[in-house]
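Colleague: Sequence:
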Amino acid sequence: MLFDAGYAGVNWPAEHGGRGATPTEHLIFLEESAAAKAPDVGVGFVGQMHAGPTIIAEGTDAQKAHHLRGILTGDHVWCQGFSEPGSGSDLASLRTRAFRDGDDYVVSGQKIWTSHAVAADYCEMLVRTDPNELKHKGISWLIMPMDLPGIDVRPLVTVHGSTEFAELFLDEVRVPVANLVGAENDGWRVANVTLSFERGTGFVGELLDTTNVFQELIEVAKSTTRSGRAIWTDEGIRREVGIIGADLDALWAFTKRNVSQGARGGLVMGSGSGFKVAFATTQHRLGDLALRVLDRASLSMDDLGDQPTGELVHSKLHAFAISLGGGTTQIQQNIIAERVLGLPRER
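Each residue of the sequence shown is one higher than the last, beginning at 1 in my numbering.
Just so you know, nobody snuck in bad clues.
If you anchor each label on the Cβ, the simulated ranges turn out as follows:
id, residue 1, residue 2, range
1, R345, I218, 37 to 47 Å
2, K37, S162, 13 to 23 Å
3, S223, D147, 41 to 51 Å
4, I243, G20, 33 to 43 Å
5, L2, D152, 29 to 39 Å
6, G102, A250, 50 to 60 Å
7, D101, P155, 22 to 32 Å
8, P155, I331, 21 to 31 Å
9, G20, E172, 35 to 45 Å
10, S108, P39, 29 to 39 Å
Keep in mind the hints are simulated off the structure, nothing from the lab.
Note that CB positions come from ideal geometry on N, CA and C, so glycine has one too.
Use the sequences and the hints to build the structure in full.
Modeller: Below you can see the structure in the form of structure tokens.
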């Protein structure tokens, strides 16, 4: 239904199945969807937010014809094969090797924290096609079908029981040269195109989900008693609720400003890093308050699937992922210090 109405990729161009929404219109759509507690894209995130827009911007006509519709209908799930052991925040140091052999690239190496690999049909894959070049210049961006021989997917079970991530072991996987997106050895530029689609609206879903969890926490605090008193009567609890609420309002205002500036081509340097640091801090603060409100009820891992207790415990566990994924808080702080404030580079 969403696909037929053009809402599966509301910000995609109409000729590729979307509605051609502006960044501001996309933001409004996400806000209204969250308010209605509509399901998010789930395992379709990498395809809709990363791979699809990259193929639209950089792919061949054949790649667009083959992949875009399947992404929006949900028939094809994508995973992201960027990070490697030792090459996470320093992504350009990746070592997964691909050499040309006729009409194929032969790919060998290892990826980690590969989002949605267990369910994926395709992988957006960064590989090193020229080991003699500088690390940023010898990288290529490939579309890798996940059913090719030589791919071993090993799920990574997170602290809250999810298998959203996996390790990939690649042993001489033959990927057709026709699956190269952009030019050979130009993958670092293409990867930055991929990551640019997260700017502005990349964390909107997370922010809106966090806001919903925050409202759930307030309701739990108002309806739960301890030692004969409602938890909500605790001035310390209410003070912390006020601080978190103000932080979320500020993050939402910051997001709207970023989207507006980005639409005009004037995104402020370091704004994405600033948002991520502030959001991670707020997420941890919310998680700490959730544990304080739930008290002993937060100790059982068996209740993670229950509502609303499970969501509240999950908010604390997920805070650590927010601090690490997409570049650690320390990396983001270095970006702000060096690129925005002009401080000396860390040695």
